[in-house]
Amino acid sequence: MRIALVASLAWQDYRRDAWLSACSVLALAAVIAPLLVLFGLKFGLVSSLTERLETDPATREIIPLGGGRFSSALIEQLGQRSDVSFAIPRTRQIAATAQVGARVLEMLPTAAGDPLLDGLPIPKGLDQIVLSHTAAERLAARPGDLLEARFARQVAGRVEEQRTRVQVLAVLPLEAFPRDGLFADLALLEAAEDYRDGGAVPALGWPGDEMSAVEQRVYPAFRLYARSLADVEPLRVYFAGQNLLVSTQANTIAQVQSLSRNLSIVFWIIAGLALAGAFAAMLAGALAAVARKRRELSVLRLLGFSTAALLLFVMVQALYSAGIAAVLSAGLYGLAETGLNRLFVQVPGEHASHLLARHYGVALVAVLGVSAVAAACGGWRVARIQASEGIRDV
Amino acid sequence: MLNLCAVHKSRGVGSQRYSLVIPALALRAGEQVAIVGPSGCGKSTLLDLLALVLAPDQVGQFEFHQQDIGGLWRADQQSALAALRSRHLGYVLQTGGLLGFLDVRGNIALPRQLLGLEDDGSVARLAEQLGISDQMGKPPAALSVGQRQRVSCARALAHAPQLVLADEPTASLDPLNAERVMQALLDRAREQRAACVIATHDEPLARASGLPVRRISCRRDADGGVTATLGEAC
Ligand SMILES: Nc1ncnc2c1ncn2[C@@H]1O[C@H](COP(=O)(O)OP(=O)(O)OP(=O)(O)O)[C@@H](O)[C@H]1O
Ligand SMILES: [Mg+2]
Numbered sequence: 001m002r003i004a005l006v007a008s009l010a011w012q013d014y015r016r017d018a019w020l021s022a023c024s025v026l027a028l029a030a031v032i033a034p035l036l037v038l039f040g041l042k043f044g045l046v047s048s049l050t051e052r053l054e055t056d057p058a059t060r061e062i063i064p065l066g067g068g069r070f071s072s073a074l075i076e077q078l079g080q081r082s083d084v085s086f087a088i089p090r091t092r093q094i095a096a097t098a099q100v101g102a103r104v105l106e107m108l109p110t111a112a113g114d115p116l117l118d119g120l121p122i123p124k125g126l127d128q129i130v131l132s133h134t135a136a137e138r139l140a141a142r143p144g145d146l147l148e149a150r151f152a153r154q155v156a157g158r159v160e161e162q163r164t165r166v167q168v169l170a171v172l173p174l175e176a177f178p179r180d181g182l183f184a185d186l187a188l189l190e191a192a193e194d195y196r197d198g199g200a201v202p203a204l205g206w207p208g209d210e211m212s213a214v215e216q217r218v219y220p221a222f223r224l225y226a227r228s229l230a231d232v233e234p235l236r237v238y239f240a241g242q243n244l245l246v247s248t249q250a251n252t253i254a255q256v257q258s259l260s261r262n263l264s265i266v267f268w269i270i271a272g273l274a275l276a277g278a279f280a281a282m283l284a285g286a287l288a289a290v291a292r293k294r295r296e297l298s299v300l301r302l303l304g305f306s307t308a309a310l311l312l313f314v315m316v317q318a319l320y321s322a323g324i325a326a327v328l329s330a331g332l333y334g335l336a337e338t339g340l341n342r343l344f345v346q347v348p349g350e351h352a353s354h355l356l357a358r359h360y361g362v363a364l365v366a367v368l369g370v371s372a373v374a375a376a377c378g379g380w381r382v383a384r385i386q387a388s389e390g391i392r393d394v
Numbered sequence: 001m002l003n004l005c006a007v008h009k010s011r012g013v014g015s016q017r018y019s020l021v022i023p024a025l026a027l028r029a030g031e032q033v034a035i036v037g038p039s040g041c042g043k044s045t046l047l048d049l050l051a052l053v054l055a056p057d058q059v060g061q062f063e064f065h066q067q068d069i070g071g072l073w074r075a076d077q078q079s080a081l082a083a084l085r086s087r088h089l090g091y092v093l094q095t096g097g098l099l100g101f102l103d104v105r106g107n108i109a110l111p112r113q114l115l116g117l118e119d120d121g122s123v124a125r126l127a128e129q130l131g132i133s134d135q136m137g138k139p140p141a142a143l144s145v146g147q148r149q150r151v152s153c154a155r156a157l158a159h160a161p162q163l164v165l166a167d168e169p170t171a172s173l174d175p176l177n178a179e180r181v182m183q184a185l186l187d188r189a190r191e192q193r194a195a196c197v198i199a200t201h202d203e204p205l206a207r208a209s210g211l212p213v214r215r216i217s218c219r220r221d222a223d224g225g226v227t228a229t230l231g232e233a234c
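Protein sequences appear in the order of chains A and B. Numbers 1 to 394, taken from the working numbering, label the letters of the first sequence in order. Numbers 1 to 234, taken from the working numbering, label the letters of the second sequence in order.
Any given hint could turn out to be false.
Computed spacing ranges between beta-carbons, pair by pair [unchecked claim]:
| id | chain 1 | residue 1 | chain 2 | residue 2 | range |
| --- | --- | --- | --- | --- | --- |
| 1 | A | R384 | B | D187 | 53 to 61 Å |
| 2 | A | A18 | B | R74 | 39 to 47 Å |
| 3 | A | L368 | B | P38 | 52 to 60 Å |
| 4 | A | V327 | B | D187 | 45 to 53 Å |
| 5 | B | D223 | A | G323 | 37 to 45 Å |
Partial chain A-side listing against chain B, Cβ under 10 Å, derived [said to hold, decoys possible]:
| id | residue |
| --- | --- |
| 6 | R2 |
| 7 | L9 |
| 8 | Q12 |
| 9 | R15 |
| 10 | V237 |
| 11 | F305 |
| 12 | R358 |
| 13 | H359 |
| 14 | G361 |
| 15 | Q386 |
| 16 | S388 |
| 17 | I391 |
Some chain A residues close to chain B (C-beta under 10 Å, calculated; not the full set) [to be verified]:
| id | residue |
| --- | --- |
| 18 | R16 |
| 19 | T307 |
| 20 | A308 |
No wet-lab data here; the hints were simulated from the structure. Think of the CB as a built atom: it goes at the ideal place given N, C-alpha and C, for glycine as much as any other residue.
Please build the complete structure, drawing on both the sequences and the hints.
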């Protein structure tokens, strides 16, 4: 028996029963569309939350607490770990500020790969800086401007001061660093550290004591970012093992991750119950269809349809319903998505309700599969249809 | 081609029992016969047996197209029976038996499609002969009962089967049309060298069409049940 012929006969019968067919489509769509909306909300909200966490580098920052003693080699080694995306030494508190204009700015070391300066030019040498948004506002500085940075020290009760010209390479967006800050090459911070220690900085022509080159510089801290959210907690554990207390966002991350997991569980419970209900409805529908079409089915049997072909006839009709219901549900979901995304206030680029193409694909396959199985179970009764029963009353 | 010997079929029990006995029935290719008898005597039951849709209870011999039908029923070989029906049988049901979801053309063409046969114009030719050419696009529900029976005749002949069974094919037709349809049916069957069994209560029409007539006679048994027996040609 040719499948195409059976499918075409099934379609003609399906079309003639348009009203009943529409009912079964609506019954299915009534289950699928709300499930899509539910899943869209779950996926949209959870991925918004995790995206927010992932795009904000501050979530991945690991801040050492209390002073330590780190060599540059050790920090370089940390930076090369596969779970670390960026690590750079920090100089002592003494070199943590610079006076620019009338403002005292926090100074931070930076280098290529700094997630805070993502997409911006990296300051190099002693004469380039990147300003934070608020600092640039207060100084009315714009990229390309030349500024004067002043560093003061007290030597034997006398206040001394040196200045150097620096160029503003770029200004950070507000969300990257909310305070008054200045990002510069580590060399500039080391120069400030040396100068405030009373030493000379030959590179800038600043006078002072000769610094011994033999002694290796020791850093009290570092700026370090984990490569991904999932790397934060293992790194915390690693540092704890090294007897180094660190502060991380591991708690926030864990909360979001457990929220996501719990929402998934809730969703799958609801989806499972709803699909079981849909399965029962489709099974009943298939049983009713076999009973209703008994006369037609027995005529087809008389004309030589095998049991398999009759079963296919019933299953194909269920698949038609499932396919149409899936498309209808996707359309209804699309409407709901637009409405929901308008209803929930949100940051641009984030969605309260959102589905990917593969979600639609999985939903379609699941609906078709469940319908086919339900129809096969319900339609199994066609095997018992005898041509002699039905043909008497057609 | 068709050969039955001592085939029994019973339905119901006690005083509701109805039994059909076929002592002997043999048909060669192209041979035609009419079965007559009063309403309820078992004409449709006999045709259902011959159409391989009703399982016989006892079989002395039941051979169709070199196949042991009794054996196929005993072994519950439904698909083998279905294949035989589809290829070699055309059955005009008493009630038409048209598929409501296909139009007239679709109904007539279906047996050929099921066999994967191309339409060689026989659908249109049959419709012409049976006077239903102008009804081809209609659904069966929009036809008169007589028209439905003619469509059913066309469907039974469309795939040139070896055995054509017709259950009261002219019951709902006026005498003129009855004769025309009966003649068309018999002519086509003769053309195709198909054996033909026609059940009718219209014995004069059967005789006028030149068919040998076999009568089913009923007798009430001691238990209140009925036994019907297919008689010899008379
Ligand atoms: N499913 C059934 N169960 C029990 N008895 C049945 C069944 N079908 C038919 N019968 C009985 O079998 C007998 C023969 O029925 P059948 O339909 O073959 O008669 P018929 O000769 O075709 O009559 P008509 O000329 O009215 O069509 C009837 O007495 C009927 O009551
Ligand atoms: Mg009858």
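Would you settle whether the hint for A/A308 is holds or violated, based on the nearest Cβ-Cβ distance to chain B being less than 10 Å? Since the shortest Cβ distance to chain B is 8 Å, the answer is holds.
Does the closest beta carbon of chain B sit nearer than 10 Å to the beta carbon of A/R358? With Cβ-Cβ at 37 Å, over 10 Å, it is violated.
How does the Cβ-Cβ distance of A/L368 and B/P38 compare with 52 to 60 Å: does it lie in that range? holds (54 Å)
Cut-off 10 Å, beta-carbon criterion: hint that A/Q386 touches chain B: holds (7 Å)
Do the numbers back the hint for A/V237, that is, is its least Cβ distance to chain B under 10 Å? violated (67 Å)
Is the gap between the beta carbons of A/R384 and B/D187 within 53 to 61 Å? violated (40 Å)
Does A/R16 meet its interface restraint, that is, does its C-beta lie within less than 10 Å of any C-beta in chain B? holds (4 Å)
Hint A/I391 vs chain B: min CB-CB distance below 10 Å? holds (5 Å)
Determine whether the Cβ-Cβ distance between A/V327 and B/D187 falls within the hinted range of 45 to 53 Å. holds (52 Å)
Have a go at the A/G361 hint: is there a Cβ in chain B nearer than 10 Å to its own Cβ? With a closest approach of 32 Å, the A/G361 hint is violated.
Interface hint compliance - A/T307 to chain B, C-beta minimum distance less than 10 Å: Holds, about 6 Å.
Satisfaction of the A/F305 interface hint, Cβ to chain B closer than 10 Å: Hint on A/F305: holds, closest Cβ of chain B at ~7 Å, below 10 Å.
In summary, the numbered hints that this structure violates are 1, 5, 10, 12, 13, 14.
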